[in-house]
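First residue of the sequence shown? That's 1 in full-length UniProt numbering, and the numbers climb one at a time after it.
Source of the hints: derived by calculation from the structure; they are not laboratory data. Glycine is no exception: its CB is placed at the ideal position from the N, C-alpha and C atoms. Accuracy of the hints is not assured; some may be wrong.
[As the list claims (entries may be wrong)] Between beta-carbon pairs, the in silico distance windows are:
hint, residue 1, residue 2, range
1, E78, S325, 35 to 43 Å
2, R142, V557, 18 to 26 Å
3, R289, K175, 47 to 55 Å
4, R421, R553, 30 to 38 Å
5, P54, R619, 30 to 38 Å
6, K634, K69, 30 to 38 Å
7, H112, P668, 56 to 64 Å
8, V17, R176, 32 to 40 Å
9, S218, K667, 38 to 46 Å
10, T427, D210, 19 to 27 Å
[Claimed, not checked] Here are the simulated SDA-like cross-link-like pairs (lysine to any residue), alpha carbons at most 20 Å apart as the crow flies:
hint, residue 1, residue 2
11, K573, I525
12, K221, V258
13, K231, G417
14, K573, Q523
15, K18, F138
16, K428, K454
17, K348, P403
18, K31, N303
19, K442, D407
20, K221, D252
21, K175, I525
22, K231, K246
23, K608, K580
24, K290, I508
25, K348, R265
26, K644, K428
27, K221, P233
28, K434, S390
29, K31, L304
30, K214, K454
31, K622, Y657
32, K572, W171
33, K85, L116
34, K231, L247
35, K387, Q296
36, K572, G59
37, K608, D591
38, K290, T477
39, K608, F651
40, K637, D661
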Amino acid sequence: MVETKKKATKKRKTSKVKKNLVIVESPSKAKTIEKYLGRNYKVIASLGHVRDLPKSTLGVDVENDYEPKYINIRGKGEVIKGLRKEAKAAKSVYLASDPDREGEAIAWHLQHILGLDPEQSNRVVFNEITKDTVKNAFKTPRNINQNLVDAQQARRILDRLVGYSISPILWKTVKRGLSAGRVQSVALGLIIAREREIQAFQPEEYWTLDSEFKKQRSKFKASFYGFDDKKQPLPDNEAVQQVLQKLDRNADFDVTNVVAKERRRKPQPPFTTSTMQQTANTQLNFKTRKTMMAAQQLYEGINLGKGIGQVGLITYMRTDSTRISSIAKNEAAHYIHEEWGAEYAATKPVQGKLQEGAQDAHEAIRPTSVAHTPQSIKDKLTPDQFKLYSLIWSRFVASQMTPEVLDTMAVTIEQNGIIFRANGSKTKFAGFTKAYPAAKEKHNQLPELAVGDKTNLANINPEQHFTQPPARYSEATLIKALEENGVGRPSTYAPTLDTIQRRNYVRIDARKFVPTELGEIVQTIVEDNFPDVTNMKFTADVEHELDEVEEGRKQWVPVIDSFFQPFDKEVKKAESSLEKIIMHDELAGMDCEICGAPMVVKMGRYGKFHACSRFPDCRNTKAIVQEIGLVCPKCHKGQIIQRKTKRGRTFYGCSRYPDCDFVTWDKPTEKTLPDGTTPKDETPADTSDTQEK
1 MVETKKKATK KRKTSKVKKN LVIVESPSKA KTIEKYLGRN YKVIASLGHV RDLPKSTLGV
61 DVENDYEPKY INIRGKGEVI KGLRKEAKAA KSVYLASDPD REGEAIAWHL QHILGLDPEQ
121 SNRVVFNEIT KDTVKNAFKT PRNINQNLVD AQQARRILDR LVGYSISPIL WKTVKRGLSA
181 GRVQSVALGL IIAREREIQA FQPEEYWTLD SEFKKQRSKF KASFYGFDDK KQPLPDNEAV
241 QQVLQKLDRN ADFDVTNVVA KERRRKPQPP FTTSTMQQTA NTQLNFKTRK TMMAAQQLYE
301 GINLGKGIGQ VGLITYMRTD STRISSIAKN EAAHYIHEEW GAEYAATKPV QGKLQEGAQD
361 AHEAIRPTSV AHTPQSIKDK LTPDQFKLYS LIWSRFVASQ MTPEVLDTMA VTIEQNGIIF
421 RANGSKTKFA GFTKAYPAAK EKHNQLPELA VGDKTNLANI NPEQHFTQPP ARYSEATLIK
481 ALEENGVGRP STYAPTLDTI QRRNYVRIDA RKFVPTELGE IVQTIVEDNF PDVTNMKFTA
541 DVEHELDEVE EGRKQWVPVI DSFFQPFDKE VKKAESSLEK IIMHDELAGM DCEICGAPMV
601 VKMGRYGKFH ACSRFPDCRN TKAIVQEIGL VCPKCHKGQI IQRKTKRGRT FYGCSRYPDC
661 DFVTWDKPTE KTLPDGTTPK DETPADTSDT QEK
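Construct the complete structure from the given sequences, taking the supplied hints into account.
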């Protein structure tokens with residue numbers, strides 16, 4: 001009995017089983033992937049890049065084949081220490097950063113930091129984070145693709161050479177804190193060129209004669225076309241009066257021609273990065289950075305609740321391609337058959353045209369499963385995630401559907417040789433708009449009309465107009481212009497637009513870019529002294545050469561050298577010839593209440609503010625507020641003023657803040673003055689204007 005008891009209490013020696021280690025960029029991505037791989041894998045995050053060029057120096061040896069001097073990123077010490085510890089204890093280490101140039105470079109840096117064998121096949125890539133895709137990817141790991149790394153490294157070094165060469169010149173001649181860059185300078189140049197077009201624009205007068213006709217009880221609109229089958233413009237009021245004098249308003253008008261046709265509208269292809277950014281901007285009013293942040297979250301994984309768990313909802317969001325896998329096409333076709341019927345499923349879905357120089361490494365942006373309809377998972381998503389996912393889902397499903405069919409009608413109406421024309425349409429077959437209602441056109445439905453019918457003039461409206469200048473660039477139209485000209489790549493648009501705003505080179509007015517005085521000064525210096533940096537074709541050619549490096553057709557060092565040698569001569573010339581530019585502050589029209597000196601208008605991180613002209617001897621600053629002529633409904637003492645949050649969103653609050661905390665998002669009026677409400681995601685404490693030194 002004693003021996004048995006001893007055996008029962010004897011501790012069994014168990015050996016700890018080593019796990020495979022997987023390293024990704026973000027914790028949310030790690031959580032999703034670990035769930036799919038099971039208990040033999042441990043997935044951790046590097047939290048983005050771990051090595052980069054130093055901030056304090058150029059970090060590129062231009063005398064030694066542009067050798068980059070990488071260092072561990074400051075503040076990443078504990079992360080790197082943890083990665084090394086986990087890698088040392090792991091059975092195998094896999095690098096599963098994003099499937100693009102930047103992701104490949106992150107994997108390469110991790111390989112170096114962790115001392116992994118470069119000949120080992122430990123790089124794993126997948127275009128979507130779903131169970132089958134992830135598990136299949138781990139069956140076929142590969143070596144790190146050095147061509148991808150070299151292309152990313154070349155871009156990074158080029159941008160460093162441009163930025164760290166031109167920025168000191170801008171600091172010396174204008175002020176500290178300025179910067180210039182290849183894509184950034186081209187984008188700013190487009191905005192300034194458009195502004196100059198607008199300023200030089202000479203409006204021209206023209207008139208329209210829009211009329212309303214009636215046939216029995218039906219009314220429809222038509223517009224003046226011309227005389228005797230010839231189109232006639234109406235340049236002034238005199239031309240309008242000539243038409244009106246010939247018209248007999250009480251007499252009948254004859255329908256002289258009716259052309260009825262059937263028109264088919266094809267769906268657009270699924271999203272690429274740039275088309276997603278453009279559409280989110282125009283339809284959802286999303287800034288590009290906001291779009292990419294929400295897309296990243298959808299790609300990395302969302303917890304859909306019990307029984308499903310963490311799931312990546314969309315494919316990789318940095319892509320130039322509109323290509324779709326056969327599996328995704330089949331799944332979409334099945335869904336469309338079940339939901340709307342066979343007549344809505346396209347036998348040959350629309351295929352987009354690949355932009356010149358675009359990369360086709362990934363699929364288009366699409367849902368990983370059409371079964372995850374937006375409405376079915378709405379309660380699991382934030383409002384921004386839901387809006388963007390709905391857009392992506394609808395656009396993809398619509399791309400696999402049949403065209404919308406429209407019945408169109410063009411009608412010619414005539415009296416005394418004076419011709420009016422009307423165009424109408426109505427939907428005959430909804431087609432792809434069943435899935436994508438936002439793509440529907442507005443219809444002008446005409447009554448049934450035939451040649452020989454009589455109509456009567458119900459109303460005529462002469463109206464003066466003036467031609468309008470070209471529109472300023474919005475985020476959507478600027479991205480489109482950059483893409484069409486081959487400038488930048490999907491990953492560059494968001495940081496580029498963010499930079500020109502943070503540097504105060506542009507301001508936003510009615511969602512459009514307007515160049516500031518500072519932006520025009522900086523651009524003029526760069527254009528005059530570094531013409532290649534602002535030349536759109538040259539920048540596009542550099543992008544093409546980087547693509548050739550990625551494809552293994554060019555070496556990265558000669559690509560950089562061909563750019564840097566002439567550029568370096570321009571830098572040396574500019575350093576010796578440029579003189580200090582003095583920027584005069586705009587007077588605010590008031591004196592400082594502390595020292596009596598004039599107050600001036602300054603530009604800070606969150607917009608303009610008033611500051612004492614004797615700064616730094618006097619540090620008095622005041623926010624620029626806009627009163628709307630209403631007394632605060634809460635304290636009945638302060639005025640309601642318009643303010644902006646850190647993120648640039650307008651709200652309205654009491655001028656006596658913080659003594660009175662009344663704030664509201666909606667602009668109050670005397671009739672709609674609300675009770676005090678505080679915005680949930682941003683507070684007035686976020687809005688204090690500060691002077692930047």
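Against the structure, the hints:
no., hint, verdict
1, E78 <-> S325: 35 to 43 Å, "40 Å, holds"
2, R142 <-> V557: 18 to 26 Å, "25 Å, holds"
3, R289 <-> K175: 47 to 55 Å, "25 Å, violated"
4, R421 <-> R553: 30 to 38 Å, "55 Å, violated"
5, P54 <-> R619: 30 to 38 Å, "33 Å, holds"
6, K634 <-> K69: 30 to 38 Å, "58 Å, violated"
7, H112 <-> P668: 56 to 64 Å, "58 Å, holds"
8, V17 <-> R176: 32 to 40 Å, "56 Å, violated"
9, S218 <-> K667: 38 to 46 Å, "41 Å, holds"
10, T427 <-> D210: 19 to 27 Å, "24 Å, holds"
11, K573 <-> I525, "13 Å, holds"
12, K221 <-> V258, "15 Å, holds"
13, K231 <-> G417, "12 Å, holds"
14, K573 <-> Q523, "17 Å, holds"
15, K18 <-> F138, "17 Å, holds"
16, K428 <-> K454, "27 Å, violated"
17, K348 <-> P403, "11 Å, holds"
18, K31 <-> N303, "10 Å, holds"
19, K442 <-> D407, "13 Å, holds"
20, K221 <-> D252, "16 Å, holds"
21, K175 <-> I525, "13 Å, holds"
22, K231 <-> K246, "16 Å, holds"
23, K608 <-> K580, "24 Å, violated"
24, K290 <-> I508, "16 Å, holds"
25, K348 <-> R265, "15 Å, holds"
26, K644 <-> K428, "47 Å, violated"
27, K221 <-> P233, "19 Å, holds"
28, K434 <-> S390, "13 Å, holds"
29, K31 <-> L304, "13 Å, holds"
30, K214 <-> K454, "9 Å, holds"
31, K622 <-> Y657, "14 Å, holds"
32, K572 <-> W171, "15 Å, holds"
33, K85 <-> L116, "13 Å, holds"
34, K231 <-> L247, "17 Å, holds"
35, K387 <-> Q296, "14 Å, holds"
36, K572 <-> G59, "19 Å, holds"
37, K608 <-> D591, "17 Å, holds"
38, K290 <-> T477, "17 Å, holds"
39, K608 <-> F651, "16 Å, holds"
40, K637 <-> D661, "12 Å, holds"
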